[in-house]
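Q: Now for the letters of each chain:
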Amino acid sequence: MNEKIEKLLKQQKQQMEEPRVDDMDDVIQLVGFIVGEEEFAVPILSIKEIIKPIEYTRVPKTPSYVLGVFNMRGTVLPLVDLKNKFGMPKTKFDDDTRVIVLKDGDEQVGFVIEELSEAIRIKESNIEPAPEGSGKDNLIYGVGKVDDRLITILNVKALLKRDF
Amino acid sequence: MDDMQDILEDFLIEASELTEQLDEDLVELEENPEDKELLNKIFRVAHTIKGSGSFLNFDVLTHLTHHMEDVLNKARHGDLVIDSDIMDVVFESIDLMKGLLEQIKETGSDKGGIDVSECVEKLKNISQGKDVEEKAEEVVTQQEAPQEQAKDEKVQNLDPIAQRMAEETANINTDEMSEEEVEAEIERLLKIRQEEDKKRREQKKKEKGTVAATQPPKLATKSAPTSNATSSANAKNTQALKKKPAAPEQTIRVDVSRLDHLMNLIGELVLGKNRLSKIYDDVEERYEGEQFLEELSNVVSSVSVVTTDLQIAVMKTRMLPVGKVFNKFPRMVRDLSRELKKDIELVISGEETELDKSIVEEIGDPLVHIIRNSCDHGIELPEVRVAAGKPEKGTVNLKAYNEGNNIIIEITDDGKGLDPDELISKSLEKGIISEKEADRLSEKEAFTLIFRPGFSTAKVVTNVSGRGVGMDVVKTNIEKLNGIIDIDSEKGKGTTIKLKIPLTLAIIQSLLVNVQEELYAIPLSSVLETVRITSDEVKYVEGKSVLRLRNEVLPLVHIADIYDVERTYDTGEHAYVVIIGLAEKKLGLIVDELIGQEEIVIKSLGNYIKGIEGIAGATIRGDGRVTLIADVGALMEMSKDASAKAKDAMESLYQTKKKESPQDYKVLIVDDSKTDRTIMKKSLQPLGVSYEEAVNGEEALSKLKDLDADFDAVLIDIEMPRMDGYTLASEIRKFNRYKNLPLIAVTSRASKSDRMRGVEVGMTEYITKPYSQEYLANVVKRNINLA
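Chains F and G, in that order, are what the protein sequence lines are. Just so it is clear: in the first sequence, position 136 is 136 by this note's numbering, and no numbers are missing. Just so it is clear: in the second sequence, position 752 is 752 by this note's numbering, and no numbers are missing.
Read the hints as simulated data drawn from the structure, not as lab findings. The beta-carbon is built from N, C-alpha and C at its ideal position, and this holds for glycine as well. Among the hints, erroneous ones may be present.
As the list claims (entries may be wrong) - For lysine-lysine, the following DSSO-like pairs were computed, each having C-alpha atoms within a straight-line distance of at most 27 Å: (1) G/Lys610 to F/Lys48; (2) G/Lys610 to F/Lys52; (3) G/Lys610 to F/Lys61; (4) F/Lys90 to G/Lys705; (5) G/Lys324 to G/Lys105; (6) F/Lys61 to G/Lys480; (7) G/Lys493 to G/Lys426; (8) G/Lys610 to F/Lys161; (9) F/Lys92 to G/Lys734.
Unchecked claim - Just a few of them, taken from the derived set where beta-carbon distance is under 8 Å, the chain F residues facing chain G: (10) Thr57; (11) Arg58; (12) Val59; (13) Pro60; (14) Lys61; (15) Thr62; (16) Val66; (17) Phe70; (18) Asn71; (19) Gly74; (20) Leu77; (21) Pro78; (22) Glu107; (23) Val109; (24) Leu160; (25) Arg162.
Said to hold, decoys possible - Residues of chain G placed beyond 10 Å of chain F at every Cβ, according to the derived structure: (26) Glu30; (27) Gly99; (28) Lys278; (29) Met319; (30) Glu352; (31) Ala387; (32) Pro391; (33) Asp472; (34) Lys498; (35) Ala575; (36) Gly596; (37) Lys640; (38) Tyr738; (39) Pro742; (40) Thr747.
Same shape as in the complex, but just chain F:
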């Protein structure tokens, strides 16, 4: 029993120390999520909040990926289906579906994602710029290497820009 506690304490200690090491470099904190079987991430500081899907109202004459508008505590915000925006079929809402509200200045938009994965800390040096010819919209900020996975980091400013 004692051994177990000791091990746990050690682990905690390690966890507490680890970030400090990271902080010295330019570390970016990201929130990762799944859209269409791929993992994406956005900087945690650009996230206003993450909520469970709520009812929305369709807005006519918008592209299909704009699902409509919803009410976030008195503010009317647009709701965008990220999967559909990326050229895949629309997201099927289930228990894992979330809405990430991203902000850039005064602009706020809700994005439907399939599932949250994890919070990620990554050094700036581990982020490769977006591959050449990865779309004219500049939606991709870069590709991050975490462990042995590759995570696409999205450009929030570009995401929040109206493109229709």
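Assemble chain G onto chain F, guided by the hints.
A: Okay, now just chain G, sitting in the frame of chain F:
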């Protein structure tokens, strides 16, 4: 430096407030040149601006106002009779003064830019006009004499005192006196002096009885600063008090942005209130008869009353009397009538009617154009009027009043009126309308032609109008405010233009309508009426649907076509038409249902999706859902191509895909028993058709709801879990596109009542189990018209 800036700002605000009233007063003055009260008022404006202007070193402004003051001062004392020539110069000088103030506001200086010398020269000439000058001089000499006398007296009177003082001071050795004694001595001497003064003052008063009325204050201030000025001021004050016991207005200046913020907060509160009453309704249903309900109801109703009051109170803080805009029109009409050589009187009423600040600002321009139009095109020349048996003087009435949540501004002239035939021929000439259109126009519709861009009936383009822009501006501005224009005219009698404008823009009353499963809010100020129609009341003219309502023919459009709503459910024989009006246009909007009236707060959609055609904004309703607000102006535009699109859609709906081989046909098998499904599949195999399966009504329905679904027949079992066959059939029949889809019931229920029920819900055929495979195949084959 900052202090100066503050003073400058105060000066500008004060000056603009002072000048605002000026034009109206001056026009009134022209009518009653004898009105001393008015003259005094106008004089004070010039005087105040001169005073503050000189303090702030605005030399040009001071120079101008100084000469204005001279002229006005003479007039005020009866030395000068104001005729319209003098008035013109005064108006000119006031315009220059306004110009200077504007320049100061922008550049901080009054130099350069505006040249006042010519006007000053004119003012000088007026104030030194020969007759006037002589009279003035007489007054001056008359005045001078007694004052000279008084002065002499004063000197004489003073002499003994001075002598005495000199003597006494000589006698007294000041060094020997204590301080108190010195003070007492001074007091004594002062008293003597005051006594003398008093006596003289009384004497003066008597003299003043004869000359004061014509005495310019400048002379007064020169010789007798205390006595004369105070007494005349007193007299003036008492006079003013007698006439107008006006209490000082208690106001504070508040930044508009603060009021806007307050309004936003109230908006949130209104939404909260709506939500609260919605929740109360739900709770009431659930806990009917419980004690706490009554208490809750009290709270809810008091909160909603207070919120409404609060909203009205805040709205009122933003309200300005429409008179603020009306003020400038008397001057404008006066100038116009001189320019056009017509005799026109502008009668204003209801200027105290209040409107939201933002609307007051928007409404000025349209009114200028309408009134100009009335003066220029409406009112005839005096000779023509007399020949037509009308009074020589034409009248333009400008009237404002409240009507519900709207304010009505009515501009009526008693001029020649509009001639529909002339309007139509002019429009044809200018290519504004086509021959075809012209034939269909009713008289009232013809009147609205004047709002078309490029339209003008004036034969000559004058300084005043005739360029064909003015009335178009009216239309655009009123549209911006969600207002409605109504125009009525009788040839030879005159024209009335009625503007109906909502009181405020932020919180509005709306009509909620329903189309399929979507809700839209239409600003109630644009809704003229609602009617219930049957489908055969819709008529088609040149491929466009129209509705005949009383003696008008209105274009019709379905809201679903405008907002691309899929028409999944059939809504039955009846439909509701919301007649909306904007500026001078009307449109019938077909909706499925009218939900009701609700107070809504307009919220922006944000940069990401704002500016969607046809959507003015969104609002959050009592249940927390977002409802979109229709942009009536855009609806009018969109309706033009929407009705054409609707027809295409209808046609394509009936144009089903070509089916060649049996495989192109698809049958949906709905049964909860796997065995039964297998039997059915086996029966269908010989036909070669394809099929899909569903294990209950719900699944079948969701398969059918899919837009790509293309079934040619449905085999339905009656007894199923979740949703039985009868319900399924009736649900399917609700879809427009499944009106004629063969529904074949396959069941062991064989009684007559079962069959009857099947027919009622819309079953096409009824097969009782057990059945032979060939029989089923034949029934299906017959129903899907398989060759």
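Q: All hints are to be evaluated individually against the structure, with a verdict given for each.
A: Hints and how they fare:
Simply put, lysine 610 of chain G and lysine 48 of chain F have alpha-carbon atoms about 21 Å apart, close enough for the 27 Å limit, and the pair holds. At roughly 25 Å between alpha-carbon atoms, lysine 610 of chain G and lysine 52 of chain F fall within 27 Å of each other, so this suggested pair holds. Of the supplied pair hints, the one linking lysine 610 of chain G and lysine 61 of chain F holds, its CA atoms being roughly 11 Å apart against a limit of 27 Å. With a C-alpha separation of about 17 Å, the suggested pair lysine 90 of chain F and lysine 705 of chain G falls inside the 27 Å cut-off, and the hint holds.
Of the pairs offered as hints, the one joining lysine 324 of chain G and lysine 105 of chain G holds, with about 20 Å between alpha carbons and a cut-off of 27 Å not exceeded. Only pairs whose Cα atoms come within 27 Å are accepted, and lysine 61 of chain F paired with lysine 480 of chain G is accepted, the gap being roughly 22 Å. Distance restraint check for lysine 493 of chain G and lysine 426 of chain G: the Cα-Cα separation of roughly 21 Å lies within the 27 Å cut-off, and the hinted pair is therefore satisfied. Our distance criterion of 27 Å between C-alpha atoms is met by lysine 610 of chain G and lysine 161 of chain F, whose separation comes to about 12 Å.
Between lysine 92 of chain F and lysine 734 of chain G, the direct Cα distance comes to roughly 26 Å. Compliance with the 27 Å bound is thereby established for this hinted pair. Because the closest C-beta pair between threonine 57 of chain F and chain G is about 4 Å apart, less than 8 Å, the hint holds. Because the smallest distance between the Cβ of arginine 58 of chain F and any Cβ of chain G comes to about 7 Å, under 8 Å, the interface hint for this residue holds. At about 6 Å, the closest approach between the beta carbon of valine 59 of chain F and any beta carbon in chain G falls short of 8 Å, and the interface hint on this residue holds.
The criterion of a C-beta within 8 Å of any C-beta in chain G is met by proline 60 of chain F, whose closest approach is roughly 4 Å, and the hint holds. Given hint, lysine 61 of chain F at the interface with chain G, holds; its Cβ is 5 Å from that chain's nearest Cβ, closer than 8 Å. This hint holds: threonine 62 of chain F has a C-beta 6 Å from the nearest C-beta of chain G, less than the 8 Å allowed. Look at valine 66 of chain F: its Cβ gets to within about 6 Å of chain G, closer than 8 Å, so that hint holds up.
For phenylalanine 70 of chain F, the interface hint holds, since its Cβ comes within 8 Å of a Cβ in chain G; the closest pair sits about 6 Å apart. Residue-level restraint check for asparagine 71 of chain F holds (minimum Cβ-Cβ distance to chain G is 5 Å; threshold 8 Å). Restraint check, glycine 74 of chain F versus chain G: the minimum CB separation of about 6 Å is within 8 Å; hint holds. The criterion of a C-beta within 8 Å of any C-beta in chain G is met by leucine 77 of chain F, whose closest approach is roughly 7 Å, and the hint holds.
Among the interface hints, the one on proline 78 of chain F holds; its C-beta lies about 5 Å from the nearest C-beta in chain G, closer than the 8 Å criterion. For glutamate 107 of chain F, the shortest C-beta to C-beta distance to chain G is roughly 6 Å, which falls under 8 Å, so the interface hint holds. Of the supplied interface hints, the one on valine 109 of chain F holds, with its beta-carbon coming within about 5 Å of a beta-carbon of chain G, less than 8 Å. For the restraint placing leucine 160 of chain F at the interface with chain G, the shortest Cβ-Cβ distance is roughly 7 Å, inside the 8 Å limit, so the hint holds.
Because the closest C-beta pair between arginine 162 of chain F and chain G is about 5 Å apart, less than 8 Å, the hint holds. With a least beta-carbon separation of about 53 Å from chain F, glutamate 30 of chain G lies farther than 10 Å from that chain, consistent with its non-interface assignment. Look at glycine 99 of chain G: its CB is around 40 Å from the nearest CB on chain F, clear of 10 Å, so calling it non-interface holds up. Its beta-carbon lying about 14 Å from the closest one in chain F, lysine 278 of chain G satisfies the requirement of being farther than 10 Å from that chain.
The Cβ of methionine 319 of chain G sits about 26 Å from the closest Cβ of chain F, beyond the 10 Å cut-off, so the non-interface label holds. For glutamate 352 of chain G, the condition that its CB be more than 10 Å from all CB atoms of chain F holds, with the nearest at approximately 36 Å. Distance check on alanine 387 of chain G: its Cβ is at least 58 Å (rounded) from any Cβ of chain F, clearing the 10 Å threshold; non-interface status holds. Residue placement check: proline 391 of chain G keeps its beta carbon more than 10 Å from all beta carbons of chain F (closest about 56 Å).
Every C-beta of chain F lies more than 10 Å from that of aspartate 472 of chain G, the closest at about 27 Å, which supports listing it as non-interface. With a least beta-carbon separation of about 33 Å from chain F, lysine 498 of chain G lies farther than 10 Å from that chain, consistent with its non-interface assignment. At roughly 20 Å from the closest C-beta of chain F, the C-beta of alanine 575 of chain G stays outside 10 Å, upholding its exclusion from the interface. Listed as a non-interface residue, glycine 596 of chain G keeps its Cβ farther than 10 Å from every Cβ of chain F; the least gap is roughly 18 Å.
Consistency note on lysine 640 of chain G: stated as away from chain F, and its beta-carbon is indeed over 10 Å from all of that chain's, at 16 Å minimum. Every beta carbon of chain F lies more than 10 Å from that of tyrosine 738 of chain G, the smallest distance being close to 23 Å; the non-interface claim holds. With 10 Å as the threshold on Cβ separation, the claim that proline 742 of chain G sits away from chain F holds: the shortest Cβ distance comes to roughly 31 Å. Here threonine 747 of chain G stays apart from chain F, with its beta-carbon at least about 34 Å from theirs, past the 10 Å limit.
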